[in-house]
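Asks: So you can see what is in the structure, the chains are spelled out below.
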Amino acid sequence: MMAEKRPKAKDVMKQLTKDYYGGALRAREENKFIAYTTAVSPVELFYAHDIIPIYPENHSVMCLTGRMMPRLSLEIERRGYTSHLCAYARSDLGYRELGESPIGGIPDPDFLLACNAQCFTLTKWFQVLSRRYGVPVFVFDTPQYIRKDEARRNIIKYVEQQLSEMIKALEELTGRKFDYDRLKEVLGYSAEASRLYKEFLDLASIKPSPISIFDALIHMAITVYLRGTKEAVDYYRLLIEEIKEEKVSKGIGVIPDERFRLYWENLPIWFKFRDHSEFLAAHNAVILTSLYAHAWSYVFDVSDPMRTLAENYTSVFSNVELEERAERAIALFRQYSLNGNIMFLNRSCKAVTFGVFELKDMITEETGIPALVFESDMGDPRFYSEVQIRTRLEAYLETLDRLGVS
Amino acid sequence: MNRCALEELQSIARDPYPLLRAWKKEAQRKIVGSTLTDVPEELIHAAGMVPFTIVGTNKPLLRASAHLPDNACSQARSDLELVLTYQRDFFDGYVLPQVDDTSQHLCDIWRRNVPWDYFESFLPPRQVDRPSAREWLLDETLRLKRSLEFFTGEEISEERLRESISLYNQNRQHMRKLYEMKRRSPGLISNREFFDIIKSSMWWPKEEHNRLLERFISSVDETYLKDKGDGGIRVVLSGIVWEPPEIMDIIDQSGLQVVGDDLCVGWRYIGADVEMDGDPLRSIVDRHFKKGPFTPINDKGDRIFENLLNLVRQNRAKAVIYFHIKFNESQDYDLPDLVDNMEKEGIPIFVVETEYQTTHLAGVRTRIQAFGESLAQK
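Heads up: the protein sequence lines correspond to chains D and E, in order. Quick note on my numbering: the first sequence kicks off at 18 and runs consecutively. Quick note on my numbering: the second sequence kicks off at -1 and runs consecutively.
No wet-lab data here; the hints were simulated from the structure. The beta-carbon is built from N, C-alpha and C at its ideal position, and this holds for glycine as well. Incorrect hints may have been included.
[Claimed, not checked] A partial selection of chain D residues facing chain E, derived with a Cβ cut-off under 10 angstroms:
| hint | residue |
| --- | --- |
| 1 | Val156 |
| 2 | Asp158 |
| 3 | Lys289 |
| 4 | Asp292 |
| 5 | His293 |
| 6 | Leu389 |
[Unchecked claim] Restraint ranges, calculated between C-beta atoms of paired labels, are given here:
| hint | chain 1 | residue 1 | chain 2 | residue 2 | range |
| --- | --- | --- | --- | --- | --- |
| 7 | D | Ala412 | E | Lys23 | 48 to 54 angstroms |
| 8 | D | Asp251 | E | Leu140 | 14 to 20 angstroms |
| 9 | D | Gln405 | E | Trp114 | 21 to 27 angstroms |
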């Protein structure tokens, strides 16, 4: 019997995405509930309770990469929302008005969960949705994980208590008892998917790197919305195997003559990331990683579900003190042998952007690597200056060249 | 009427720093600064220090822009500027509350760039609609108490805390009484004078502030209170701060009489007291949940709108003036629905977009005056 041909990860991804959104659109017929949630949030509780989590942010990314901005934003600017709000929020609120979507839309919510470890904006954005759909917002409040023992103990206690409150809210929503054994099972999948996702990201530490940040940004989608499922685990196994076989074992890098191995601070400029990839490759440069991509590299301890969920979702990079965030970035510089640093000031994202000047000083001081800092917006081309950014990138690579970086 | 006490309060509101520097030297007390809002001042006071709520500066931004981009709201930028440039050596320590992304990062930036002997982040809950919020705030308030004790080397006794609470309650009661007097007798005191008094209370040592308020209130005789005066059109103010302060003069000059507000530098500061019975720390926490809604904090339903609607109705106001600080994200998300909802209720709402450091207020003046005139015709 011939061995079954292994499917390509990209095709699997397409199918998983199609099934996921298809399932969401059928939710009403199947009497399932839809919860909107934020990318960094204890989504395991939803999977354990058979509620379909939907990520308006992911849908917004599709709108942004589909270059639907600024049209979506202009629609809500007419209503009085300002153009300096988060591009995800503007795109989403614009979609609500116009109904335009690259995937035919997403179902309306029965429940809204906003975890503020990732950012505070989501609370306010979801409040707008709450008023629109008449459903409550559950703010999963994660105070900044400051480096003080007493504070950390209290924070974890507070967050664990909120997990219990959330379970109660979900029981009230569905009228069903929460199944803690099922949570353990879901968390097991999450733990394994997160471990494998990190293993996938860490392939970028190989020289030459078989993947770039652009691969990470494409493949992260699965762990963002399917962690907690067996499919996510199988997917990352397949993906890693594929990359190892096709690239690593043959010593093939993602670009032919890799010279500049770059760090990227912040979210990507979604509507430009392919252009950036090609432009940099032409200069023998490749962006390999960012703390943003690692926001889903969770380490779950399945033996204590509530505690591990509380710890992981509170200590994400955007919710720790700047010094700790710098340490995590510096660790990536070492692990991935990075020799360049591009720091994007994202007008859309105050949560990740404010404090970047301090972060830059800390990273440069420790690594000795100069950084390029530039401002734009992750989703709105009105705030993107093509020529200026290209010139800055070129000048930066020339600087690295002059410094003899290798 | 004792104009003297009133003038003293106003001079504090105009520029507290030289006066407070002199006072501090004499009294040998440490000053602990906090940004807006909700830091339990009674605890800092009971620790033997003077709490001071920083409300930015309208002087030019020189250094803050190097730390916070221009899409950070001017409240955060001017708070930072104040301590980076203008009052760098004024404060002995800081307790900075975090309520949103900007204030969270501001803590880190501040801690790294401003000299201090004492620094603590204070993390109030960003939701107040579930039981966990109260327990968390109690833990956090207890942590702040321990941290202050560690800094001063002295325990904050229950007795001292009660004394501080009593002092702060008195101060709030005086200001609420004055608000009521102003509502009944608009000719007594202008909007600017009244809100200056609230601002000065965030800055001036409470013992002294109470004395000034008592002097002023007791000097108001019946003739003033009977003189209803022409207070103009009754309006409610909404927002966080009223900056630059000249904006309140414009409201005065436009024939508008403020009868209620939900401002942080306003009713939110004076509206609720701490219960004197029971455990003082728990009572301080309880007070937090008695305050009105605050835009970054999630609450049940649409409390910001409901509260504003109640304010208008209870105070028989004709309209709302909303102070929107440019780039304040919370307000940005609230406003479109808030405006729609108020209009659906038939209540005119006028949004003034302001920034600290704004010097050209001619446009704002014309628009507020026109709004006032349109209300007069209704």
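Asks: Provide an ascending list of the numbers of those earlier hints which the structure does not satisfy.
Replies: Per hint list: 3, 4, 5, 6, 8 and 9 violated.
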